[in-house]
Structure formats: structure tokens, C-alpha cells
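Chemist: Sequence:
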Amino acid sequence: MVPFTGRDAELDELQAWCRERPRTQVRFITGAGGVGKTRLALELARRLSRRGWTCLWPEPADPPERIAAACRGRRVLVVVDDAAAYPDLAGQLGALAGRGGTRLRVVLLGRTGREWWFRLRWACELWTGPEQVPTSQVHLAPPAVPVTVLATVAARAFARRAGIRAATGAGAVPWVREGPEPAPVLDVHAAVLVALVRGGVADVSRGVGALLDLERERWADPDETLAGAMLRGRRLPSSGASDAGLPHRLEELHVARTLAADPHRVEACTQGLSAGEAFQVALFALRIDVDDPGVPEAARLATVLFARVAVALPDEAAPLAHVLRLFGRRPLPREVAVGLAERLVAVVGGETDPADPSHEAASGTTDGTTTAGGTGGTSASGETTTGGTSASGRTTTGGTTTDRRTTTDRRTTTERNGGTTAAERADAVATLARSLGAPERYDELPPAAEDAVTRWRDLARHQPDRYRAPLLEAQLALSGMYFGKGRYSESLQISEQVAGACRAASAAEAVWTDPALAGALNSMAVTYDFLGRPELVEMCHTASVATLRRLVARDPAAHEATLAQVLANTVGQVELGRAADVIDGLRESVEIRRRLTMRRPGEHEQWLAFALSNLSDAAAQLDRPAEAVAAAQEALQIRRRFARRDPVGMRWLVAWSLTGLGSLLSNQGRVAEAVGLEEEAVAIRRELAGETPQRYRDMLATSCSNLALTYSRLGRFDEALPLEQEAVSVRRELAARLPGRYEEDLARSLSRLGLRLTESGRPLDAVAPATESVSMLRDLARTRQPHHQDGLAAALTNLATVLRGLGRAEAAAAAVREAFALRDESVETAARERVLRDALGVTPDVLVDIEERGPAGS
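So for the sequence shown, the working numbering puts the first residue at 1; every next one is plus one.
For the record, the hints were derived by calculation from the structure and aren't laboratory data. Hints may be right or wrong, so weigh each one.
Said to hold, decoys possible - Pairwise CB distance ranges (calculated): (1) Pro722 <-> Gln633: 27 to 35 Å; (2) Pro182 <-> Gly740: 43 to 51 Å; (3) Glu181 <-> Pro130: 45 to 53 Å; (4) Ser205 <-> Gln132: 43 to 51 Å; (5) Gly199 <-> Thr542: 48 to 56 Å; (6) Ala9 <-> Pro134: 18 to 26 Å; (7) Asp765 <-> Thr542: 43 to 51 Å; (8) Thr542 <-> Asp221: 51 to 59 Å.
For glycine and all other residues, C-beta sits at the position ideal for the given N, C-alpha and C.
Could you build the full structure based on these sequences and the hints that come with them?
Modeler: Encoded structure:
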């Protein structure tokens, strides 16, 4: 109805893409609901049709062989709208493989890419033949034209339509009130249409809701009845804006309003779901999970709907797999994902059915994917016709097929008999491993994590290109679990392998391997820090952020949260004294998380606390105490709130925030406020270290050392000394077990122990640890790393304090002079410079402590 507007650049680029040399190409266009993806594809199809192209819009239920038969001609465009809604997408696209001289372009449209997208690389025959299929992914943002232009074009088009009379006068354009962010085209059109009918301002931020209210005036059925029908996939006709049915965004808003207003309606609307209807409900939950309908409790509603789907699904491979493909790489809600994945593994866990033509990965035939609708990559040999035109003017596939047995038929039979392919079993096990998530939730490493890697590796041994991406993702999940269990060297080895494999792959594979590359680089950055290799941390962190920015440009909904997480992973840089280099990224991370938390508090608020905690560390290093304390306090408040619901799982994060905030307050002289926080942190970490020593003993040492310093500042010297002695004991043990990782931490504890002994009237006993600390840090400082030189300077200052307590003024002065020489060589922060500057005037009864706040990442 509304003329094509504001997308000339995108359309020109798509037409140029269609003219490129490769015979077969695929493009996945992501974008928010209502942003104009379908309209752009319609315009592309219209223009290509005039040039002799065959343009097809298959439906989710179309058999693969029917789609293949409909693709007649030398040049074919296939548009799959709302691609996540196609449970047999791999089979349908696989039927287009090997089309000889046909120039084939496939355009997939969707809000975001989840597992259904990533699995195409290995499950779909279109990508597994000898000819490479260039695949790209682009994001469609709101058009870069003024909203007033879009509104004017829409108003004129609506005013010309019979039955719509402008309340503001014939041909008049209503005044437009824009929202705070660029709006999807649908929102603008909806606001204009309502303003024309009702009069008043076209309020873009309320456009979809106002249009829904207008539509509801003509509905005879109760809201609950219609909400149930929409959930099950029934499309309602639209009275004004579209001949293709009520836009998804309006349906989502109506369902969200209806069910959120009365949670008991959810059960009523989802009673007696068939497997197909359960998939439609899951698809609906996906949409409101990606695009916030603007209704309170919408995030909770998505979780509840997924739970209802899980109850309705039968213990059959196809329905379970279809729904699990709608989840992201970090499946949420976790409990639902784990339950579905466990059921899927149980269903597909048997041996491969010998009747399945794809049961041997080495045979060279496809592994395919078993679905209720069939997954064959070979079209039926009987006559197939095309026919029918949808309400939107799209050409669809239709006609009849023969009864001859095809690959699809055989695989459907295999599904009925319970047989599955090796790839499907690997995929099921890998899905379970990803769903299990955080290692803190279980005592032992889940067998699924290693089993998934073994299964994918066996498949990749025979077809490396095909199974590279799922193998890398399985390895990355295993690496994360190793790290969570304190097996850092094993975790690093796997992450390095994943990064190396991603870089060795061809550039054409980047669309599939970039997510694994970003994850591996981030894992390497964090693990290098834990293993005491700071020189490699910044390199990996920078590369990971760059990779994620590419991914966010393609699919923000899938990758923006991960970018925020990695931007907040500033462990190594802050420890290297480079807080100034990362603080802007930390602020960006906090900004992203705040925006995401407004929509999905349960999913993102904990990660907001993570970003705030690390922002606090960086701000403290840059001598911005107010910003540092405010961020630390907010992080602690968030974590305490979550701890009320999950006291066991949140313990270590609460302790992290307690440690950081306590250290900040103590260093600012607010010791009375700090001491209670630090005592609580020690108690929690002592408990954790008793349960999982390999992960938490170092953290316990940090908290003990910090509390000892605060006790010292309160004059409680007898209580401070045993805590510092415990920190030294723990770190000496860790340094012996893992050489190279804990030497600097041990040296810092030794230096502080010298001060605690001096305070307790034992200056002779203080010399040995203070001298050992200087010796260890002197060895480390030979690398000329600024943070090692800074640590050595502080240890020399503390040694000077110990020596002055023994009356050795000349030796103390020499230590101070060396400390200042080191300061002049290193790039130090203003806070560090102030500590050393103050040391010039230190008197024998003043102690200078090395500040210790623990790692910057949580």
C-alpha cells in the first residue's frame, strides 16, 4: 500500500549481489520486527521478476521436492520470510543444491540468528557440495531518512485508500512525535494511520499499540480467545495496513497484554497443544524475547510460554529439536532448555538405524536432519507444478507430488522408527552441554561436554569443512567448563586450538566461525590473566572486541550482549595499569547492559553488575573515587538482590562485590564502613574455598589480605597479622603448584606481611618477608613491564618502612631512591604516583601498603 521509500541503497546493493559471479549465494537479513525486511525483499523480487527471474516465497509446510521443482529458469530468487518459522529449513534449502547452470540467490529474513541458522552449515546439503556457497549476513536498521518523510509518504498512501478518511482533512499529514530512538517503519506507518483515522498527533512510540486498539474495535471474539489463536499460529486479517494479515508485532503486543494482565490465562491459552502448535508457541516466545513488546512482565511471559511448550512436546526427536533450535547459544530459560535437551538426548541416544542412508559420516552422503516434514536434499522425480499467489502478491509453491520413495521419505521413515544420524546425535549432546551452562551448578564435569567434542570430531575427521563450526562450538563449551572448574591450562589449550582453527579457515567460512573466534579470544584473554601471562591479555581482548563488533553489525540481537560482556572483561588491562585504555569500553558495556536490563532484567542485570564491578576497578585506578564507589555499590546491591533467590549460586559474586567495595572504602579512609563488608567476604570465600579450592583459594587470600589491611588501619594489629600470614601461606602453596602464575601475588603478600609484623612489634621478623618480596619483584621487573616495576617500587617503599623501624635509615633511604627511579621509568597512574610521592616524607611509624583489590573481572 505504501510506496517503497528510504531503502534505495539497500536495494541497489542487493541487486548488485544478485549480479555477482558465484552461481549460488545465500544472504541472511536480520532486523527488528516491522523494520522493513519483507518490504525490501518484495521490492527486490518485483524488480528481478521484470528482468526474467523466477521469484519464489516458499511456505514452512512446503515439501523440499516441491520447492526444488518450482525453481525453474536460469535465474531464481528464493525468499524465506521469518526463516526461524521453518522447522525443515535445512531440508527445503538442501533440495536446491546441484542446480547446474541456474543462478540461484537465497534470501533469508529473520529477527536474529539462533541455532536454526548456525546448523544450516552442516545440516543442509546446499552448503555441503563441491561448489562453495558464499554466505553473508547483514542487518537492516531503520531507514536513514527523516521520519517526517516516511510519515508523509504513508499519509498520502493511506488517504488514497478507499474507506480511510483523514480526520485531519483530505491529504493532510499529521504532526509526528518521534521517539527517543530510530523507530521501525511499521511504528511510523501505524502512528500515521491511527492519526489519520482518529485525528491528533502521530505518536511513533505508541503507534503499534494505538493501531492494535483500532483493530480490536472490530473483533467479535474475546481477547483471550484471539490470544490463544494467535499463539497457535492463526493469522488474523487486518482492516487497514496490510492485506497479508495482522502484522506479527501487533499479534505479539495483543498476546503480551492479554496474558501478562492475568497469568492464569497462559494455561488456558496453551491447553492441549499439538506438537505443531507447541512449535508456534515457542516461535511466539522467541519473537517477544527478541523484540520487547513494551509490556511489563513480557520477559517472564516468554519464559512461561517456553515452559508450557516443554510440557506439551512429546518425547520425539523432531518436535524437541525444532523447539531447541529457537534457543540462543546461551539457552534461556536454562531449566527449560536443559530439560528439553536431556529428553532429546534420551530419544536419539540409540544406535543409528541401518536403513538411514546417512548413518555413515564417511560415506560422502549427507547427514541431513530428521524432521517431521522430511529433510531430503533430492527432489521427487515426478511432476511438480507451481501455483497460487499469496495475499501479499508473493509467488508460492503448490501442486502435487508423486508417491515415489525419495530421500525425504526414507528419512521420515527413519524418524518414525526412532533412527537418527550421527550428526543429529552429536547435535543433541552438544545442545545439552551448552544448556548446562555455568560450571558452579554441578560438582563434576558433565559427560555431555566431552562427548559432544568427541562426536563432532569423529564427523569432522571425514568432512572437516562441513563439521568445523559445530566442532569449534563444542570445544568452546568444553573450554568454558574446564575454566569454571579451575582447569585453566586445559581450558587455554582448547581455546587456542579453536582460535587457530578459525583463523585457518577460509574467509568464506567467517560467517560461521566468527562467533567461535570471538569466544575463543575472550576465553584466552581471561585465562592468560589467570595463568599470569598479562602480555597476551590485551592482544586477545582487543581481537575479541573487534570480532564481536563485526558480529554486532550483522546481528545485534544475537551478539550485542556478548560484546558488552567482553568489553567488561578488562582483567589484564587494569592489572597492567592501563585503565585509561579500557574505561570507555567499560562505560559502553554498562550502557549496553542498562538498555538490555530495561527490557530483560532477569537475563541482563547480573551482567550489569559484572560491568559495574569492573568499571569500579578502572575508575579507582584513575583516581575517580566517586565513580568507583557508586559503581561498586550498585553492583553489590544487584548481587544481593539475586542472592535472595539463589543464595548458593550467587555467593562468589556477592563476595567479589564485597571485596571490591570494601577495598575502595578502606583506601578512602572509610574503614568503619569497610570492615563489615570485608569480614563478610572472608567468611563467604572461606566456605567456597573449602568446597572448590582450586578456584577460590586465591580469592580467599585476597580477601584475607585486604581485611588484614583494614584491621591494621583500625589498630587491630593482633587480628591483622594471622590473616596476612594465611594469605602468604595460601599463595606460597599456589605458586609452588602453578609456577609463573602466583609469584607477583605472593610477593605482594610477603611485602604486606613485613608491615604487619612491624606493626606487631616484630621488626626483626619483618625483614625476611619484606626482602624476599623485593627480590621476587626485582626478578619480575626485569621484563620492564610497568606494573611489575610499580609493584617493585611499592615493595621497596614498604621495605624502607621496615628498615627505618630497625634504625637503618641509610638503607631505608636507598630503597626509597630506587623506588623513585623505577617510578620515573614506568607509566604510572596518578594514584600510584601519589603513594610514592608521599613515601618521601614517611616517618618510621608510618606504613605504606600495597593496595590489593583482587582481579578486575568477576
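Chemist: Would you mind marking each hint as holding or not holding in the structure?
Modeler: Results of checking the hints against the structure:
| no. | hint | result |
| --- | --- | --- |
| 1 | Pro722 <-> Gln633: 27 to 35 Å | 30 Å, holds |
| 2 | Pro182 <-> Gly740: 43 to 51 Å | 50 Å, holds |
| 3 | Glu181 <-> Pro130: 45 to 53 Å | 46 Å, holds |
| 4 | Ser205 <-> Gln132: 43 to 51 Å | 45 Å, holds |
| 5 | Gly199 <-> Thr542: 48 to 56 Å | 55 Å, holds |
| 6 | Ala9 <-> Pro134: 18 to 26 Å | 21 Å, holds |
| 7 | Asp765 <-> Thr542: 43 to 51 Å | 45 Å, holds |
| 8 | Thr542 <-> Asp221: 51 to 59 Å | 57 Å, holds |
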